[in-house]
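Novice: The whole structure should be built from the sequences, with the hints applied where relevant.
If you want the building blocks of each chain, they are given just below.
2 protein chains.
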Amino acid sequence: MTGKAGDQISEFHQQLPGPRLGVGMDCCVIPLRHGGLSLVQTTDFFYPLVEDPYMMGRIACANVLSDLYAMGITECDNMLMLLSVSQRMNDKDRERVMPLMIRGFRDAAEEGGTSVTGGQTVINPWIIIGGVASVVCQPNEFIMPDGAVPGDVLVLTKPLGTQVAVNAHQWLDQPERWNKIKLVVTKEEVKEAYQEAMFSMATLNRTAAALMHKFQAHAATDVTGFGLLGHANNLATQQQNEVAFVIHNLPIIAKMAAISKACGNAFSLLQGRSSETSGGLLVCLPREQAAKFCSEMKSQSSGVGGQGTAGGAWIIGIVEKGDRHARIIDKPRIIEVAPRGSQAANQENSPAPSPNLS
Amino acid sequence: MTGKAGDQISEFHQQLPGPRLGVGMDCCVIPLRHGGLSLVQTTDFFYPLVEDPYMMGRIACANVLSDLYAMGITECDNMLMLLSVSQRMNDKDRERVMPLMIRGFRDAAEEGGTSVTGGQTVINPWIIIGGVASVVCQPNEFIMPDGAVPGDVLVLTKPLGTQVAVNAHQWLDQPERWNKIKLVVTKEEVKEAYQEAMFSMATLNRTAAALMHKFQAHAATDVTGFGLLGHANNLATQQQNEVAFVIHNLPIIAKMAAISKACGNAFSLLQGRSSETSGGLLVCLPREQAAKFCSEMKSQSSGVGGQGTAGGAWIIGIVEKGDRHARIIDKPRIIEVAPRGSQAANQENSPAPSPNLS
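In order, the protein sequence lines correspond to chains A and B.
Heads up: the first sequence is residues 1 to 358, going by our numbering.
Heads up: the second sequence is residues 1 to 358, going by our numbering.
Mixed in with the good hints there might be a few duds.
Said to hold, decoys possible - Quick list of simulated restraints, FRET-style, between CB atoms:
id, chain 1, residue 1, chain 2, residue 2, range
1, B, Glu288, A, His213, 26 to 36 Å
2, B, Asp91, A, Leu100, 34 to 44 Å
3, B, Gln87, A, Leu172, 20 to 30 Å
4, B, Pro125, A, Lys321, 42 to 52 Å
5, B, Pro125, A, Glu51, 13 to 23 Å
6, A, Arg96, B, Lys331, 28 to 38 Å
7, A, Asp91, B, Asn265, 44 to 54 Å
8, B, Arg33, A, Val149, 24 to 34 Å
9, B, Leu172, A, Leu172, 52 to 62 Å
10, A, His325, B, Arg103, 32 to 42 Å
Note that these hints are calculated values from the structure, not bench results.
Predicted, not measured: the structure shown is a model, and the values here were computed from it.
Glycine included, C-beta positions come from ideal geometry on N, C-alpha and C.
Specialist: See the structure below:
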């Protein structure tokens with residue numbers, strides 16, 4: 001239910017009613033006629049942003065499921081696939097691309113313990129892929145995203161910078177664009193960052209959802225089209241207590257901060273405004289649980305690309321008393337996250353960054 | 001889950017798995033982890049086919065709900081709206097058209113006893129509107145579409161010919177096309193037929209779903225993109241018993257049969273192949289119940305356009321022993337259904353047509 005299309009259609013969005021019960025920013029929660037159960041649903045669809053159709057399918061599915069995971073829900077009863085096949089593709093391309101995309105989507109659904117049963121396909125000028133995830137839950141299966149208290153710690157479970165990585169990768173073939181960033185990054189680094197972004201976007205937030213229960217998370221959301229600060233703000237708005245979220249650290253795929261700066265800050269990455277796709281969960285945890293959450297995330301995360309330094313979670317800020325807004329401090333610490341499989345990752349193998357909270 | 005886009009993408013459709021449990025052609029039926037309950041879901045989205053945005057919204061919603069109604073389900077726990085806003089529209093058109101479409105969709109959802117909670121909107125070259133209907137059911141709330149027995153009677157709850165009416169209406173402004181049909185129909189008749197088609201498509205099949213229980217229906221499906229015969233065939237294929245469906249009567253919006261013939265049969269309307277949108281339910285009923293079902297449909301149907309001769313249901317055929325196929329007899333009886341509000345309708349006010357079964 002994230003608003004990828006942005007301001008142009010915000011007025012139409014406003015006509016869509018909010019959740020019938022509860023605050024679920026990422027899902028709708030519908031009380032059922034059957035004792036205490038709720039139907040939790042979410043939908044998302046968008047346009048391909050990576051070149052590999054199989055990975056695109058995985059990313060689309062991970063992105064849909066992520067809204068459930070943000071509520072601490074680890075199960076999904078059904079996934080519908082929504083697909084639009086481009087009329088502009090010739091038959092050969094279509095036969096090559098679409099089955100791979102569907103395969104990726106289904107594989108990710110299977111990894112999420114669900115399967116794709118049903119859906120709808122249409123012909124359209126553009127390719128669109130998305131889905132609808134539905135689950136029927138007992139009350140104890142989900143965590144309403146409104147329980148943050150002063151003293152909580154903010155954790156982020158994937159690095160930022162996916163949009164920058166995807167765009168920089170496209171610029172490898174566009175000399176005019178490439179010339180603007182070539183002083184701060186090598187082609188190899190861009191390729192590694194792109195791979196990392198792809199793996200990261202295709203990784204399910206399911207482990208994080210399970211650990212939210214284990215470590216008594218108070219609230220969470222997933223980071224997507226509005227960027228870290230946009231979603232942090234949305235989450236802050238929903239809180240029952242008068243709290244504010246203060247972000248001190250920004251874990252970012254290595255070199256993406258430099259590219260963003262070299263582009264004259266067009267991405268607003270360091271301001272937390274760069275759009276992410278299938279980003280991590282932003283979780284509010286009791287202070288004494290946060291480090292354990294991060295450490296368990298790190299040991300359990302394998303991701304699509306196998307184990308590596310990029311899997312994990314980072315403490316990025318704190319919850320204090322305030323007026324239900326989120327902000328990033330003036331000079332946040334940038335945590336450069338080395339792509340898994342990169343030389344840097346293989347050399348470093350460093351421990352999780354320390355909280356570094358003021 | 002109807003395949004509007006047709007053959008071009010049938011191979012991708014085949015990769016979508018069938019229902020996890022049961023035969024539900026129109027819905028997927030997912031057994032839940034909670035005692036005996038099932039999640040029943042369906043999705044549909046398509047492109048506008050009538051000029052009135054409000055009615056288009058109603059039709060889109062009626063079309064989505066219809067898949068639930070075909071299983072005798074009268075409730076819907078949640079509706080998600082899927083919308084794509086055309087990038088080709090200017091701001092003024094967009095602000096005029098989209099709110100009306102959304103309003104129509106929501107009004108129809110409300111008439112169906114549900115509400116629109118959540119959804120997704122994107123920008124796209126074409127307008128797309130659709131939705132996802134979900135309901136959690138006890139086993140006795142739905143009727144699996146596989147129980148037809150020889151001796152059953154086939155009933156259709158809306159007249160055929162919506163596609164012909166929509167196209168003929170477009171041809172009013174295209175002299176070359178209009179010249180081909182002007183000998184068999186007047187402009188007034190085309191306008192009345194178009195109005196009737198619009199009202200019919202916007203009418204929920206909810207009454208029919210409720211009456212399926214009252215009169216012990218054995219199976220049903222809704223008539224959409226594949227036409228009457230296409231969907232009758234699909235339904236026949238699903239039957240547990242070795243049965244065949246034989247169709248004797250074709251209730252068709254008045255004059256649409258003549259237009260179809262004048263077009264050199266391009267629509268294949270009399271062959272049961274003309275595409276319908278948000279068509280009626282095709283219901284298999286015990287012989288002794290069929291007339292009562294039709295009579296109650298007639299007395300209860302009001303439709304969007306108020307009471308009239310077009311509301312109702314028609315006995316169109318029989319179920320006999322056979323090889324799980326459907327066919328239309330050589331010279332089916334055409335039942336000309338007068339548009340509600342038309343002069344013909346006001347004069348006639350005739351009783352429901354008699355079965356006329358061989």
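Novice: Give a verdict on every hint.
Specialist: Status of the hints after comparison with the structure:
no. : hint                             : in the structure
1   : B/Glu288 to A/His213: 26 to 36 Å : 56 Å, violated
2   : B/Asp91 to A/Leu100: 34 to 44 Å  : 38 Å, holds
3   : B/Gln87 to A/Leu172: 20 to 30 Å  : 28 Å, holds
4   : B/Pro125 to A/Lys321: 42 to 52 Å : 48 Å, holds
5   : B/Pro125 to A/Glu51: 13 to 23 Å  : 21 Å, holds
6   : A/Arg96 to B/Lys331: 28 to 38 Å  : 48 Å, violated
7   : A/Asp91 to B/Asn265: 44 to 54 Å  : 28 Å, violated
8   : B/Arg33 to A/Val149: 24 to 34 Å  : 32 Å, holds
9   : B/Leu172 to A/Leu172: 52 to 62 Å : 54 Å, holds
10  : A/His325 to B/Arg103: 32 to 42 Å : 33 Å, holds
Of the numbered hints given earlier, the model fails hints 1, 6 and 7; all others are met.
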